[in-house]
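Using the sequences provided together with the hints, build the complete structure.
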Amino acid sequence: DAYERPRPRPRPGYGTRYHQYGLPDLVPDPYYVQASTYAQRVPMYNLRCAAEENCLSSSAYRSSVRDYDTRMLLRFPQRVKNQGTADFLPSRPRYSWEWHSCHQHFHSMDEFSHYDLLDSSTHHSVAEGHKASFCLEDT
301 DAYERPRPRP
311 RPGYGTRYHQ
321 YGLPDLVPDP
331 YYVQASTYAQ
341 RVPMYNLRCA
351 AEENCLSSSA
361 YRSSVRDYDT
371 RMLLRFPQRV
381 KNQGTADFLP
391 SRPRYSWEWH
401 SCHQHFHSMD
411 EFSHYDLLDS
421 STHHSVAEGH
431 KASFCLEDT
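So for the sequence shown, the working numbering puts the first residue at 301; every next one is plus one.
No lab work stands behind these hints, which were simulated from the structure alone. Mixed in with the good hints there might be a few duds.
Pairwise CB distance ranges (calculated) [to be verified]:
no., residue 1, residue 2, range
1, Asn346, Arg394, 28 to 36 angstroms
2, Arg366, Ser396, 32 to 40 angstroms
3, His414, Met372, 17 to 25 angstroms
4, Asp416, Arg341, 20 to 28 angstroms
C-beta atoms are modelled at their ideal positions from N, C-alpha and C, and glycine is treated no differently.
And the structure:
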């Protein structure tokens, strides 16, 4: 009699009609970020949509910040590869995705990724931000 390993239980994929086994393993591409990063000074009034989605550093939400103030942004793209054995699926079912009228798209999770800018000598966080989910595309 051969030992038979128990099969993993299927779990429903949100927004899909199939079940999957295994786990996703998301790995960011640091070279893509490094090659495409730039700094940009932007007035707060141009960042209203980003502020609505809580995409700005926490200091942007202080009561002393006005529309005519400017923010120095560190901008970069993100490319993430799924090296896992299963698809990466949104954390919430499709019926609970949030519509953001400012950018005209749905969000399927609160945050896709979180970033900290570290001081090179102290390694303390000097700024933070995040990428809200909106269009996670399978390529």
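Handout entry: Numbers of the earlier hints that this structure fails to satisfy, in rising order
Key = none
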